[in-house]
Structures are given as C-alpha cells and as structure tokens.
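Add chain B to chain A, keeping to what the hints say.
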Amino acid sequence: MSDAMRLYEVWVYLQAEPLFWLTLTIGCYLFADFLYKSSGLFPLLNPVAISVALVSGCLIIFDVEYERYFNGAKFIHFLLGPATVALAIPIYLNWRVVSTERVAILATVFIGSVFAIAITFGISYLLNIDLVTIKSLLPRNVTAPIAMGISELIGGIPSLTAIITIVTGVTGAALGTFVLDLVRIRNMSARGFAFGLTSHGIGTARAMSRDKTAGVFAAVAMGLSGVITALLLPLIFRIISDLL
Amino acid sequence: MLHAIFLIFVLQLAGEFLQKYFALTVPGPVIGLLLMLGLLLFLKPSPGSDSGFGQRVIDTANTLLQHLSLLFVPIGVGVVMHLQLLESQLVKVLGVIIIGTLSTLIFTAFLFQWLRKRGPDE
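Chains as they are written, first to last, in our numbering: chain A, 23 to 266; chain B, 234 to 355.
Extracted from the complex, chain A is given alone in its bound form:
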C-alpha cells in the first residue's frame, strides 16, 4: 500500500471521530484569540468571526459536511448552556452597582427591546422582505435559543433565525465599538448594556474582553432582554399582524 493511500485511510478514520473537529475548533479559536489580543482587541478581528471563517474554510476545502463537523464540535456547543447559567456570577459580584441602577436597567431593557423589534420590522417592511423571513428576523437581537423559540412561536423558520442572530451578534461586536466611539458614548456601563441588548452573547463576550463593568452590564442586558423579548414579541407580533 502506498504512503498516500495509508495517509488517506488514517484521515478517513480520524475525520469520523469527534477529537479531530474539537482540536480543529480550539486550534482555530486560539489562533483567532491570539490575533485579537495582539492587535490590542481590534474589534474587526472579532475572535468568533475569525475562528468561524478558519473552520468553515477547512470544511469547504476538505469537503466535509457540517453534520460530521458538528458531531465533534457539539461538545463545545454543549457548554453554552452552563456558561449562560454561569453569567449569574458576574452579575452577583456586581449586584451593588446593578441594583443602584435598577430603574435605568429595567426601563432601557423594556424600551430598547421594543425599539429593536420596531426598527427590524420597519426596515424589513420597507425593503419588501417576505413575511416568513420578517418573522424570522424579528427576534434577532436576543440569544439564539430564545430567538429560535420565539421564531417558531410566531411562524418564522428557526434555523433561519439562528443564522440571523449569529450575524447580528457578530455585526454588533465587530462594528459596535466604532459606532459608539463615533457618537461619543464613553460610559462603560452604557456601552456594555447596549452590547448585551443588541448582540446577546457575542456582544457580551466582546464587552467582557474589554472591560469588567461593561461585561457585567452586557450580561444583565442580555439576560433581561431575552426574558422581556420572549414575553413581549408574541404580543407585539399579534398587533403587527392585525395592522397588515
């Protein structure tokens, strides 16, 4: 048997195992994280975006199906749930700050969530996007599992919503810093809060990597806006569909 054949056989064996895809994912992430940190946390080098591009590139070059990749990567994906529960810890550690701002927090989550839904509907409607896609777009600013649940409830396509939420998260995390600098918002709690409300977990990860206070307010905004949107959106959607 030739060396090439032997290598191919080993590859066929390895790519069927979770270990290979786990290693690839962590490797790409560590490289992306290194780039991000050595660039002084330059937002366009968002570690989620870079790692996703690297891993996807590998899958496309080697013609690997996503399902096979996910079979390994699901072990990392699984940790999203426990990590969400763990977000309670930074909130608790900063509870004194959070509770003194509770009026601002609750009011901003409520008004901000309604604003996010309204602007999404408004632009989609103006652009003549079809109704199923609009329904899939509406919950885009909250964390993917909540967004997918809402999407299903109002008649959108959950997998389309998953795509839209991730793109929303990366957009906010990668461009948010520039936009907030441009409008001269310097207060770290306000910046973090906006990141958490508009870009859920990916925005929260970005805020946490930059500033502790920003990270805490991002986590608070992400959790609360998820809950509020889950409760409000089905009601708002009923009003919108009555108007159409």
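Calculated directly from the structure, the hints in this document are not laboratory data. In this text the structure is predicted, and so the values were computed from the model without any measurement. Hints are not guaranteed to be accurate.
Listed next, the in silico EDC-like pairs over lysine to aspartate or glutamate satisfying Cα-Cα at most 20 Å (straight line) [stated by the list, open to error]: (1) A:K96 with B:E249; (2) B:K253 with A:E174; (3) A:K59 with A:D233; (4) A:K96 with A:E39; (5) A:K234 with A:D264; (6) A:K234 with B:D292; (7) A:K234 with A:D152; (8) A:K234 with A:D55; (9) B:K325 with A:D152; (10) B:K277 with B:D292.
Below, chain B without anything else, positioned relative to chain A:
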C-alpha cells in the same frame, strides 16, 4: 470544581424542567441563570474572604466565561455552511441586520446613559 460544575448543571436542568413543564418561551439556561442569581443573593457568599464553596463556584464560572467566544464557533460555522437558506434575500436581510443592530446600539446606549444615575466616573 466538580461540586461547582454539578451545581451549575443542576440549575440548568431545573431551568430546562421548568421551561418544558410550563411551556415557557424563555429557554432553560436563562431560567437557570435567574435561579443561580436568586440562590447567590439568598446565600450571599463573599468572594475572597473564604476558600469555601462560594469561591469555588465563582472560580469555575470565571473559567467557563473566560473563553465565552469559543462556545459560539460551532453554531457560527453552521451559519456559514447554511447561508444558502437566505437565497435571493441575502442582501436585504444583511441590510436590516446592519442598520437595525447599529441603530439599536446607539439608541440603547444613549437611553441608558441618560437614565442612569450620575456615578463618580463622570
């Protein structure tokens, strides 16, 4: 560390249970977050002052959150591999996402800055 992981799993499981049982639209892990926060506020462990269970939960959570970005990579790759779902509407949808996200970001940041109490950092 194992005790802390166990506590986190138990609370997530409790969250998933409540979500399914009452058919809530809020997902299990977010309910788990609220349960964990409630538990911490009730027990009030003080960080640093003791090397007990409270500190171990805090350390474990920090380890999990340190590389939060990594956890979004698998689903992010799925996004790239399934972009064809958007078909002809890709440009319009991207337009909605970019304009919607950035305008919401500015709106919320201004609103929060305006509503919050003036702290010593200004």
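Status of the hints after comparison with the structure:
A distance of roughly 18 Å separates the Cα atoms of K96 (chain A) and E249 (chain B); the hinted pair therefore holds under the 20 Å criterion. Taking the CA atoms of K253 (chain B) and E174 (chain A), the gap is about 15 Å. The hint holds against a cut of 20 Å. Our distance criterion of 20 Å between C-alpha atoms is met by K59 (chain A) and D233 (chain A), whose separation comes to about 14 Å. For the given pair, K96 (chain A) sits about 12 Å from E39 (chain A) by alpha-carbon distance, which is consistent with the 20 Å threshold.
About 44 Å separates the Cα atoms of K234 (chain A) and D264 (chain A), which puts this hinted pair outside 20 Å; it is violated. The suggested pairing of K234 (chain A) with D292 (chain B) holds, with an alpha-carbon distance near 15 Å, which does not exceed 20 Å. Pair hint K234 (chain A) plus D152 (chain A) does not hold up; C-alpha atoms about 41 Å apart against a cutoff of 20 Å. Of the supplied pair hints, the one linking K234 (chain A) and D55 (chain A) holds, its CA atoms being roughly 18 Å apart against a limit of 20 Å.
Proposed proximity of K325 (chain B) and D152 (chain A) is supported: the alpha carbons are some 11 Å apart, at most 20 Å. Among the hinted pairs, K277 (chain B) with D292 (chain B) is consistent with the structure: their alpha-carbon atoms are about 16 Å apart, no more than 20 Å.
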